[in-house]
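Note that the protein sequences, when read in sequence, are chains A and B. My numbering puts the first residue of the first sequence at 9, with every later residue one more than the last. My numbering puts the first residue of the second sequence at 23, with every later residue one more than the last.
Calculated from the structure, these hints are not laboratory results. You can take every hint at face value.
Among chain A residues calculated to face chain B with C-beta under 10 angstroms, some are:
1) Gln38
2) Ala41
3) Asn46
4) Tyr50
5) Gly75
6) Ala77
7) Arg117
8) Ala126
9) Ala142
10) Asp151
11) Arg154
12) Phe157
13) Phe181
14) Phe183
15) Gly184
None of the values given here were measured: they were computed from a predicted structure. Glycine included, C-beta positions come from ideal geometry on N, C-alpha and C.
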Amino acid sequence: MAHRALKILCVAAACLGVAPAWAMQPGEYQIKAAYLLNFARYVEWPAQRLPAGAPLRLCVLGRDPFGEALSGLEGRQVNGHEVKPRVVDGVEMASDCHLVFITDSEERRVGLLLRGLAGRSVLTVSDIDGFAEAGGGIGLVVDERRVRFDINLTSVQREGLRASSQLLRHGRFVFGLRAP
Amino acid sequence: MPCNRVRLVLPLALSVQLAWADDAVLADLALEDLARLDVATVSRKTQKLSETPAAVTVLTAEDIRRSGARSVPEALREVPGVSVAQIGAGSWAVGVRMAEGRFSNKLLVQIDGRSVYNPLFSGVFWESLDLLMEDIERIEVVRGPGASLWGANAVNGVINIVTRKATATRGSLISARVDHKGHPALAVRQGFDIGELGAVRVYAKGSEMQPSRSADGRSEVDHNRGWSAGFRMDSAGSAGNTWMVQGNSFRRTTSESLVTTGLDGSAGLYPLSLEFEGSSLLGRYSWGLLGGEASVQTYFDNLNASVGESGRGGISTFDLDFQHRLAPVGRHELMWGAGGRYVKTDIDAATPILTISPPERSLQVMSAFVQDEITLQPRTWKATLGARLEHSTLSHFEPQPTARLMWTPTESDSVWANWSRATRTPSVGEIGASILFGAKPTGNPMLPIVFVRSTPGQGWSPRAERVDALELGYRRTLRNGSFEAVLFHHDYRRLIAGYLDPNGLILPGIPLPIPPYFIPVQNIFRGNVGKARSTGVELGLDLPVNDRFRFQASYTAVNLKGARSSDPVTDAAGAELEEASPRYWGTLHGVIGLARGHELDLMVRRTGAITHGNVPAHTSFDVRYGWRPGPGFELTVMGINLFDKQHLEYMSNFLPTQPAYLSRQAYVQGVWRF
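Looking at chain A on its own, in the form it has when it is part of the complex (with noise of 0.2 angstroms):
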């Protein structure tokens, strides 16, 4: 009874083992890192922060799942600023990022990242479970399969920053979004 269960899960495993791979699909943290540089596209940092033509440092804080696709964005454009990624620990090194991006490593410090960023005009972002709602900048979500992602606008404007309408337009939720 046993072998036979074995044998059907082994069939069915090498089923679809020999089977020609289905369309290839890109991976959940090219999308993210995808994300990353439209967010850095349509939020736009105070002057004095982020001067016309200095890189725009895009950090990632914790144990990175990008891997190369991190790497990828390195001396893109972006509203005339070149992208400059790297991985940083702690707060004080990412304190001088533009866009910090906090891996899920760091769960338990969230609220502790979250305070030690605040006011020095950083946006964050995180695919930390309830990341926008718990005063984070832009929480990126997987829905459905899809990733989408969650703006808490207060967040985003009390660092200074200016979110776009295109960008609150294809937000799953807005947080902090006074109705008109």
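Position chain B against the provided structure of chain A, taking the given hints into account.
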């Protein structure tokens, strides 16, 4: 509508497909295009695990959905190291690194930070828990002593059930299920926005569980039905200060039969019907404090259980807990906390079967912990030192230290080793209950029958059970998969167990109105007399083979040995624990994505034999078929135990109930979200 979307996505998918290896193409996509891309394989939240120097498994909402689980124990079946066996309708033996039976007193279970471990009989009344599975965000299983952070009774592990924030459940949900015998379950949930404040959801659920069968398969031996309702309210944060309030109420009725021996030695059945009623209210607030983060949590919980006309018991708990994570200073990241719990239990037994003295008891537990995470070498070496000090009215002052070392040579590999000591507080029942287990034939013609009674040992000064645990683990996390191997060794001392009254039978014993007028009593004394050791290995694998197929496996082998010595008292106590566990168990799960929203799950489980109750080794095979035509609806058809007419998973060991066989079964479930 779905057709439209396919037309939209198809050309896009084709155009981007040409050069996937090139992230450049993706990075050029606009927001609206990104939101339309299907993710090949959703990565599991394993990043945070690679930072944890402990054997931790996180079951995501997706894992729970794909397992077809109707209850938390069913969802835990595939977690390495967790032994799950069904005792009957809604009642389970859930243990970590061993099976202990009906009341696993060495395992702490919490729902959103509220302990559901009851201090009356040291364990979880799984039969009284029926959660709305769709609202569970994740289940975290920490194997090994988690005492330094979680507190007493986390001797073998901690199970944290975390429900979704109300801000993530804004819509409506209806979930309806019916099994092949017509037992229904219906749940509704509605979320509301409360403007600047955040969001709230309310829910209600009613269910009747599938009864178990008798050994001959002809009749039903148990029942379990009831309802629960509740709410959860979450802030939509501002300034990083967050709060949450939740409450729930439930009522469940269960019935089963105790196997008793009549005066003539014949076996009989004594119906046992339990009614559970409970409610709880919990609040939590987090805010910035001294550059760090603090949170305070408080809850009130009330549980009542009544046994027909013959008695009732109540537990009221008030808990207050404070935690503070300080901003890192140099290499150190410090966290500390303190808490207090006040528990009042009262038992009102109207039969001589169970007496507790004193019938009313109140106990206080005060505790404090401190933990320091030390970065020895950035990104490579990390050490954690921690300790919890705890004082309970029911035991001595118990320090519970831990020391952990973690080495992460690469981004994807981690190796850890730890040593911890943890304790398990004696329960109110263990300290004060006297339970008459019924008549037992002796084989002696002069005294053909005796009554067996379990009672606290004479002059016993109860102490907490203690474990010293060593663990060595290796984890490899890939972007979409993981492999984990853990070796452990637990050394248990002062285990509370029963031993025969050295003074022999008590004569004349209990009076009877009929001949032979008196029945002698054999006392079984309880005391801190047991010692045991366990050594084992836990393996876990999650392997994404391709876009459509993922393979998951788990295997656990445990060698649990009661101490052998010249003292028969210690031997008997150790043997009791040894006999309650299988020596190995394992699972295989094929997670298959078919085209157009169809899903298939093939699951096989194998569990070794259990000496207690002569439960043979068994294999079960489950199949789940799921269909999601769109975001608003999901259909599940589940077949359980398909290749076996029926089998026994566990024999109830605390309450000697009638063996409950699990038959082949099926259910169909629809979930609507709108």
